[in-house]
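Novice: Here the protein sequences line up with chains A and B, keeping their order. Counting from 1, position 49 in the first sequence corresponds to residue 69 in our numbering; the numbering is continuous, with no gaps. Counting from 1, position 63 in the second sequence corresponds to residue 125 in our numbering; the numbering is continuous, with no gaps.
These are computed hints drawn from the structure, not numbers from a lab. Nothing here was measured: the structure is a model prediction, and the numbers come from that model. Hints may be right or wrong, so weigh each one.
With a straight-line cut-off of 30 Å between C-alpha atoms, the simulated DSSO-like cross-links for lysine-lysine are [unchecked claim]:
1) A:LYS39 - A:LYS58
2) A:LYS73 - B:LYS162
3) A:LYS58 - B:LYS122
Derived list of chain A stretches under chain B, where covered just means 3 residues or more per stretch with a C-beta under 8 Å from a C-beta of chain B [stated by the list, open to error]:
4) 60-68
5) 115-129
Every residue, glycine too, gets a C-beta built ideally from N, C-alpha and C.
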Amino acid sequence: DTEVTQTPKHLVMGMTNKKSLKCEQHMGHRAMYWYKQKAKKPPELMFVYSYEKLSINESVPSRFSPECPNSSLLNLHLHALQPEDSALYLCASSQLRANVLTFGAGSRLTVL
Amino acid sequence: GNSVTQMEGPVTLSEEAFLTINCTYTATGYPSLFWYVQYPGEGLQLLLKATKADDKGSNKGFEATYRKETTSFHLEKGSVQVSDSAVYFCALSTAGTASKLTFGTGTRLQVTL
Numbered sequence: 021d022t023e024v025t026q027t028p029k030h031l032v033m034g035m036t037n038k039k040s041l042k043c044e045q046h047m048g049h050r051a052m053y054w055y056k057q058k059a060k061k062p063p064e065l066m067f068v069y070s071y072e073k074l075s076i077n078e079s080v081p082s083r084f085s086p087e088c089p090n091s092s093l094l095n096l097h098l099h100a101l102q103p104e105d106s107a108l109y110l111c112a113s114s115q116l117r118a119n120v121l122t123f124g125a126g127s128r129l130t131v132l
Numbered sequence: 063g064n065s066v067t068q069m070e071g072p073v074t075l076s077e078e079a080f081l082t083i084n085c086t087y088t089a090t091g092y093p094s095l096f097w098y099v100q101y102p103g104e105g106l107q108l109l110l111k112a113t114k115a116d117d118k119g120s121n122k123g124f125e126a127t128y129r130k131e132t133t134s135f136h137l138e139k140g141s142v143q144v145s146d147s148a149v150y151f152c153a154l155s156t157a158g159t160a161s162k163l164t165f166g167t168g169t170r171l172q173v174t175l
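Could you build all of it, start to finish, from the sequences and the hints given here?
Specialist: Written out as structure tokens, the structure reads:
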């Protein structure tokens with residue numbers, strides 16, 4: 021299995037909703053990432069987990085809450101989002117001492 | 063800090079034309095260099111990579127050579143196809159426990175019949 025699987029593919033939520041994005045990989049990768057990509061822009065790093073521990077938080081607002089329950093799963097909990105948070109959210113994974121990331125297809129989020 | 067500069071798009075080519083997408087970088091130390099491709103509505107896929115000076119990465123007819131003297135990693139393909147239409151991102155990383163990729167702004171390629 022050489023894939024990173026993200027669900028849902030599309031999500032529409034109101035500003036008062038609570039929702040979660042999910043990411044799963046079975047490649048034995050011990051680093052997992054969340055990126056945010058706005059239209060016609062490159063991906064921007066949000067969070068990095070190494071060995072299921074948060075190692076990098078790129079000053080992301082607290083309305084985004086990551087969670088890594090085990091080495092194969094990565095969640096992004098969303099609460100009280102703003103319309104400007106609408107974007108494609110990409111999950112990725114890698115070996116710890118390698119620098120090649122495998123990306124998922126993304127979850128396209130629309131905040132109304 | 064690290065940065066990547068790509069040529070602005072969109073790049074529009076006819077099928078079978080020669081492609082060059084320029085990429086230059088600024089980095090401390092010796093970064094690894096990458097080209098990622100994003101097809102419409104999809105995530106990013108690694109196209110090719112090079113980890114040290116003078117390395118040539120290649121895949122699916124695309125090539126790029128790590129040029130330390132000019133800090134460049136230009137993407138080339140001899141004959142593009144309509145199916146190559148996508149956004150191409152040049153990126154670099156300095157390896158550590160967890161890699162941080164620095165992306166260029168992306169170049170949209172459109173290939174027409």
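Novice: So, for every hint listed, does it hold in this structure?
Specialist: Verification of the supplied hints:
1. Of the pairs offered as hints, the one joining LYS39 of chain A and LYS58 of chain A holds, with about 19 Å between alpha carbons and a cut-off of 30 Å not exceeded.
2. Taking the CA atoms of LYS73 of chain A and LYS162 of chain B, the gap is near 16 Å; set against the 30 Å cutoff, the hint holds.
3. Note on LYS58 of chain A and LYS122 of chain B: the hinted pairing holds, with a Cα-Cα distance of about 28 Å set against a maximum of 30 Å.
4. Counting residues of the segment 60-68 of chain A whose beta carbon lies closer than 8 Å to any beta carbon of chain B gives 6, which meets the minimum of three for the stated coverage.
5. With 11 residues carrying a beta carbon less than 8 Å from a beta carbon of chain B, the segment 115-129 of chain A meets the three-residue requirement, and the given coverage holds.
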